Amino acid sequence: MSEAILDVKNLTVAYEGGGRSSRALNDISFRIERGKVLGIVGESGSGKSTAAMAVLGLLPGGAKPSGQVLFKGQDIYAKSPEERRALRGREISIVFQDPFTSLNPSIQVGRQIAEPLILHKGMEEKAALQEAENLLREVGITDPARTAKAYPHQLSGGMKQRALIATALACDPELMILDEPTTALDVTIEAQILDLLEALRVKRNLSMMFISHNLGVIARLADEVCVLYAGDVVEYGPKETVLGPGHRHPYTKGLLASLPKLTDRRDRLFPIPGRLPDLSQTIPGCIFEARCPFACKGCGQPQPLQAVGADHVSRCWRSLELADVPWRADDAEGGVAAHSTREHQPGGEMLLEARDVVKRFTVVSGLPALKFDASGGGFPLRYEPVSLRAVDRVTLSIRQGETVGLVGESGCGKSTFGRCLIRLIEPQGGEVLLRGEDILSASPGRHRALMQEAQIIFQNPDSSLNPRKTVREILARPIRLFGIAEGAEVDRKVDELLDMVRLSPRYASRYPHQMSGGEKQRVGIARALASKPKFIVCDEAVSALDVSVQASILNLLADLRDELNVAYLFISHDLSVISHIADRICVMYRGGIVELGPTERILQPPYHPYTEALLSAVPFIEKGARQRERIRLAGSVTGSTEQIVGCRFQDRCPRKLGGICETVTPPARSSAEGHEILCHIPLEELSGYESVLEPLERRA
Amino acid sequence: MALPSMASAPRRRPLPASLVWGAGIFAFVLFIAVAGPFLAPFDYDQMNILKRMQAPSAVHWFGTDEFGRDVFSRVLYGARLSIAMGIGATMISLAIGVPLGLIAGYYRGWPEEAIMRGVDVLISIPPIMLGLLILAVTTPSVWKSALAVGVIYVPIMVRLTRSVCLEVMGEEFVEAAKARGERGWYILFSEILPNAWPPIIVETALRVTFAIMLGAALSFLGLGVQPPASDWGLMIAEARPFIHQAPWIAVAPGIALVITVIAINLLGDGLREILDPRMKRDRL
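As given, the protein sequences belong to chains A and B, one line each in that order. Going by the numbering used here, 431 is the number at position 431 of the first sequence; the sequence numbering is gapless. So the number in the numbering used here is just where the residue sits in the second sequence, counting from 1, plus 700.
Derived by calculation from the structure, the hints in this document are not laboratory data. The structure displayed is predicted, hence computed values, not measured ones. Cβ atoms here follow ideal geometry from the backbone N, Cα and C, with glycine treated the same way.
Only part of the chain B face toward chain A is listed, based on derived beta-carbon distances under 7 Å:
id : residue
1  : K878
2  : A879
3  : N895
Listing some non-contacts, in silico: residues in chain A with all C-beta distances to chain B over 12 Å:
id : residue
4  : A52
5  : A86
6  : L87
7  : A150
8  : L169
9  : L200
10 : T263
11 : R268
12 : Q301
13 : G401
14 : G430
15 : G436
16 : K493
17 : L693
Here are the simulated DSSO-like pairs of lysine-lysine, each with C-alpha atoms no more than 27 Å apart in a straight line:
id : chain 1 : residue 1 : chain 2 : residue 2
18 : A       : K203      : A       : K239
19 : A       : K534      : A       : K493
20 : A       : K493      : B       : K878
21 : B       : K878      : A       : K469
22 : B       : K878      : A       : K532
23 : A       : K534      : B       : K878
24 : A       : K79       : A       : K64
Construct the entire structure; sequences and hints are all you get.
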C-alpha cells in the first residue's frame, strides 16, 4: 500500500441545535492514497458535504467532530485553528458545486486566482497575476490574458468552473476536494470538466476526494468508491467492484437499479422506497433496514462493516448470501421482458401542433440601441434593438398519450419553447393548435378554458409550491377555478389527487416545508393533474431530485400517462432520463430542432453530429456498455441574434463539411418514417458512423 | 382539542418570546394612550409658574417643565397623539405603498415606469419640505400631519414591496398560477403578497418609530400638534433649550418613546416568525 495522503479514522460529526443532536456522520473511515481519487456517493442528506467540510476543518459552529482526520499523518483537529487555516487552500483545496455563486462577482477572475498565491505563498501581486494566467491556460482556457481580466458574469458556466479549478490549483495542493463540481453544468460541459480533471490528476499526481450523487460521474474519475447512507459508510471498495457487478450492499443495488440507462430501456425503474431515517434517533440495527427489500430478522442487530472481497467492505450481514440476488425479483428476468419498452402508439389522435413558433427576447433596447452612422446618406441616427432568437421557427406535433422528449444544452431554447406551447411565454409568431384550436389567438376567456387542458410541471420542488399554503389549498384552487367540483366535493377530489400521486390523504394539511423534495414534486404533479389536462409540459421535472426519488417520479409519470392517456412534452438535459420515458425525442440546438425521431432511432446511427456529441458526453456506468469514441464539443451554446443562415450547429460541429454548412440551410434527411436529421452529410455517411453506445448484448 | 393523529403532525409551538414581550409592552402603551387622561394626577396644561423646572419628586414623578406643568401627566396625555401619529402615518404609507409596489413589480412596462418615476419625484423632495408643502396650504391638524408623514414614507414602501415582489415573481408557483390562467389580482394578493409580508412587516415596525419622530419635527415647526397639547415628539423638541438645567423634561418622553419603539420592533419580529411557516422549526 502506498502512502496515504488523507486518512480519516472513525470520524463522527453531530449537529447540535434546538435541544437535540443529530448525527451527520457516524464513525466513518476512509483513506486516499497519493494520486488516487476517492469517489463519495450518496443521496442528499447522506453526509457527503459534511465529510468534505470535516476534512477541511470548516464545520459550522454547532457541529461536534470526533475521531481523527490525518492529513499526511498529522491530525488536523490536533492543530490550532491558525495552522489549519494555513493548510486550507495551500495543501488542501476545494471546488464547490455552484460555479455561478462561488466566484465573487465584483472581482476580476485573475485576481481571485492570484489571491491564494499572494496569501499563502507571499508572491508579488504582478507575479501572482502572471501565474494566474498560466493556471488558466492549464485548465484549458484558450485566451487566459483576457479571461484573467474578465469579471465572472462575462464567463460561461463551464469557464467559471475552470476558473474555480484554477483557483483550487493555485498553490499546488496535494489534495483537492470536489463537492459536486459538475452538477450545475450541462452534460457536454461536464464531460469537458471531467476530461480536464482526469488530465490534471495524471499531470500533477493530485489526490482527489470527489463527491457526487451522480454515479456515472463517479465512475468516470474514481479509483475507489465509498457509498454513504445516512452518515454511515455502507459499502467501500474499488470502483470496478462497487459500481460494477461486484457490489454487495442492498443500498448500492437500489441506487444502481434506480438509474435510467441509455442502453437498457425498460418500462419502469426500481426505486428505493421510503426516505432517510431520522438522524436524531438512534437506530439499533441496520440503518437501511426500513427501506431494504431483503430485510429479515437478523437485520435488527448492529451491522459492522464486513470484508466481502479484496479491499472491499459492506455493512450488511447478508452481503455474500445476496451477492447474486438482484434488487427486485422482476429485475432478474432481464433479457427480453425487461427490454420491452412501451409500444409506440402512432395511431393516437393529434393533440397539439406547434407551427413555426418564434420567440425573441430583446436584449438591447432604449438608448443603447441607438446607432450613430454618418457614413451613409439619410438620417445618421438609427434605432436598432437587438433581440435574441430563443426559439426560431420550431414545428412539432404531439399525439394523444404520447411522450415527446426535448433535449439540448442549457440556452438552446427548450424551456422557452415548452412555455410557448402553453402560452406562459407569449411567442411572436407561429401558431399552437390544441385539438385544432389556436391557443395563441384565443380570447382571454377561451384561453383560460384551454389552459385547463394544457398544464406544466416545474423543475424545482422548493420553488413550485407556495410556502404559505397547505397542500389542500394548493390543490383545491385549480379544482374550484376550473369548476371541477364544489363544496365538500372539493376535499374528496383533493384526496383523490393525492392518491393518484401515491401520497396519503394526511398530506393535505401539510405545508410545503414539511415535505421532502420528492413529496413536493408529487404535489406539483397533482396540481398539474387537478384540471384534468390532456397535455403536460414537464420542464426538467426530475432534474433536481436524487436518483432514487427521480426513479419513483419517473415511474409515477409513466403510470399516469398510461392511466390517464395524457401527453407529455418532457424537457430535460439528461438523455438517459429522456430516452427512458420518451416515445419520440426531439434534439434542439440554438433555438431550432436538429433531429427528431423515435427514441430507438435517436440512440443509434444515423444521427445528427450534435446528437452524437450529446450521447458521447453522457457519463456511463453500465456494465458492458461503453462509449466507443469520445466526441467533445468545445465552448458552449451561444445565443443567436441574427437570422441563422446555414446549419445551426456549424459553429461547434466536429464533423463540419465546410462552406456549405455556413451558407445553406441543411436538408431534412430521413432514415425512417418520422425520423428527420437536418444535416448536409448524406445519410449513408451518417449511418456509417460507429455507434456511441455499444448495444448491450441481450442476456438470454 | 383532538390529539394529533400522528407524531409528525404540526405541533402547537409556544409563541415566540419576542411576540409575547412586544405585545405585552405595546398593550401597556396602548392602555396608557387610552386611559392616560384618567390616570394623570394633573391636567396636561395646568401651569404653575412657582414650580418651574422642579426635579422629580413624590408629587411630580418626572418633575415639572418650564411652565411648571407636570411632566408625568404630559407624558401620559402625550401617548395618545404620539401613537396615533406613528401608527396612523405608517398605515397610510402601507395602504398606498404596498398595492402600488405590487402593481409596479408585477405588471412591469408602463405601469411600473409611471409608479416608479412618481416615487422618484417624491423621494427627491426632502421629507420636511414635503411635509411643509402639504401642511402649509391647509390649517394644521394632527390628522393632516399623519397624512403628510404617511405620504412621505410611501416611496420607501413602494420600493421595498416592488423588490420583494420581483423576487417572489421568479418562483415557479407564480408561473403555475399563470399557467392556470389566474387573474392578475389573485396572483398578486393570494400568491405573491403573503410571501412578501415578512420584510414589509419588519419595515413597518421601523417606520412607526420614524413616523413619531418626523411627526414631532413637524409639530416643532408648528405644523402638527399645536401647543399646549402634549405629544412626545413636541415635548422633546420644546425641552431642548433646557436640557442642561432640567434634563428630565426631555428624558421622560424620550424613555416613553424608546419603550414604545422597542415594543413595536419586538412585535414585528414576533409576527414575522409566526406568520412565516418556513421559520417554524417543525420540519419532519
